[in-house]
Amino acid sequence: RKEVEQDPGPFNVPEGATVAFNCTYSNSASQSFFWYRQDCRKEPKLLMSVYSSGNEDGRFTAQLNRASQYISLLIRDSKLSDSATYLCVGTSHLSGGYNKLIFGAGTRLAVHP
Amino acid sequence: DGGITQSPKYLFRKEGQNVTLSCEQNLNHDAMYWYRQDPGQGLRLIYYSQIVNDFQKGDIAEGYSVSREKKESFPLTVTSAQKNPTAFYLCASSIDVGSRVPSGELFFGEGSRLTVL
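If you're matching them up, the sequences are chains B and W in order.
If you count the first sequence from 1, position 42 lands on 56 in this note's numbering, and the numbers rise without skipping.
If you count the second sequence from 1, position 50 lands on 188 in this note's numbering, and the numbers rise without skipping.
Just so you know, these hints were derived from the structure itself, not from any lab.
One thing to keep in mind: the hints can contain errors.
[Said to hold, decoys possible] Output of the computed footprint for chain W on chain B, the stretches with three or more beta carbons under 8 Å from beta carbons of chain W:
1) 16-25
2) 29-40
3) 56-63
[Said to hold, decoys possible] Cβ pair distances, simulated, as ranges:
4) W/G201 / B/K93: 38 to 48 Å
5) B/H126 / W/K147: 26 to 36 Å
6) B/G23 / W/F150: 26 to 36 Å
7) B/H126 / W/S145: 31 to 41 Å
8) B/D91 / W/I189: 40 to 50 Å
9) B/A43 / W/E153: 32 to 42 Å
10) B/D91 / W/T217: 40 to 50 Å
Note that the structure is predicted; figures quoted are calculated from it, not measured.
Note that the Cβ used here is the ideal one computed from N, Cα and C, for glycine as well.
Next comes chain B alone, as it looks inside the complex (with noise of 0.2 Å):
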């Protein structure tokens, strides 16, 4: 079983709705969640970190449910410009007591006029 899973998509949506992505993951030691954004052929960039008490960023809100250990990406008014992959990210321990992060692979959107 994947540590981290999506849902690949493609999600195809029209300007001005709202769409929500989820994602689970296997390892209930996982402390740190992400959500990342990556463009076709291109790096991923970091969208935003995930709080436990649930967090927003203009559109776009993120929410953690250890409980249920998933994940969920809210986008509401979507834009042309949100077309991308969205990559859902946690943590896996390294040596050391340090972390890595571990990445879904990603839930493609595709917004149309």
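With the hints as your guide, set chain W onto chain B.
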């Protein structure tokens, strides 16, 4: 402008050849990483380095080698022992030295696409 530079962007290699991918950063970050991305899979960690002259194997280190002789540079060699080297390779750095509670922000280079013919 600060950032990470990877080269080459595209590389073709014959089977049996070693190739080296360059990664240079001017962000003054201690930690650097190499990931591999394949279609339908998440990024997988090949090697990481938390400090100059030290590096550790990631999840899929077999067939790869690295060096960290300078803080700014973390080249990756894909050897002929790597069975399936065709992939998108991403170098990254972070200000966290594999922090116990990482900020999560990795700065990536634009990637190198390696194709084995």
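Query raised in the report: Checking C-beta pairs, does the segment 16-25 of chain B have three or more residues closer than 8 Å to chain W?
Result: holds (count 3)
Query raised in the report: Is it true that W/G201 and B/K93 lie within 38 to 48 Å of each other by Cβ?
Result: holds, 42 Å
Query raised in the report: Do three or more residues from the segment 56-63 of chain B put their C-beta atoms closer than 8 Å to C-beta atoms of chain W?
Result: Held - the segment 56-63 of chain B has 6 residues with a Cβ nearer than 8 Å to chain W, which meets the minimum of three.
Query raised in the report: So does B/A43 sit 32 to 42 Å from W/E153, Cβ to Cβ?
Result: Distance hint for B/A43, W/E153 holds at roughly 41 Å.
Report task. Please test the hint of 31 to 41 Å on the beta carbon pair from B/H126 and W/S145. Result -> holds, 36 Å
Query raised in the report: Measuring from beta carbon to beta carbon, are B/D91 and W/T217 in 40 to 50 Å?
Result: holds, 49 Å
Query raised in the report: How does the coverage statement for the segment 29-40 of chain B fare against chain W, requiring three or more residues with Cβ below 8 Å from a Cβ of that chain?
Result: violated (count 0)
Report task. With respect to the beta-carbon atoms only, verify the hint that B/G23 and W/F150 lie 26 to 36 Å apart. Result -> holds, 31 Å
Report task. Could you check the hint for me, namely that B/H126 and W/K147 are 26 to 36 Å apart, CB to CB? Result -> holds, 30 Å
Query raised in the report: Taking the CB of B/D91 and the CB of W/I189, does the distance hold inside 40 to 50 Å?
Result: Holds, at about 44 Å.
Going through the hint list in order, the structure does not satisfy hint 2, though it satisfies all others.
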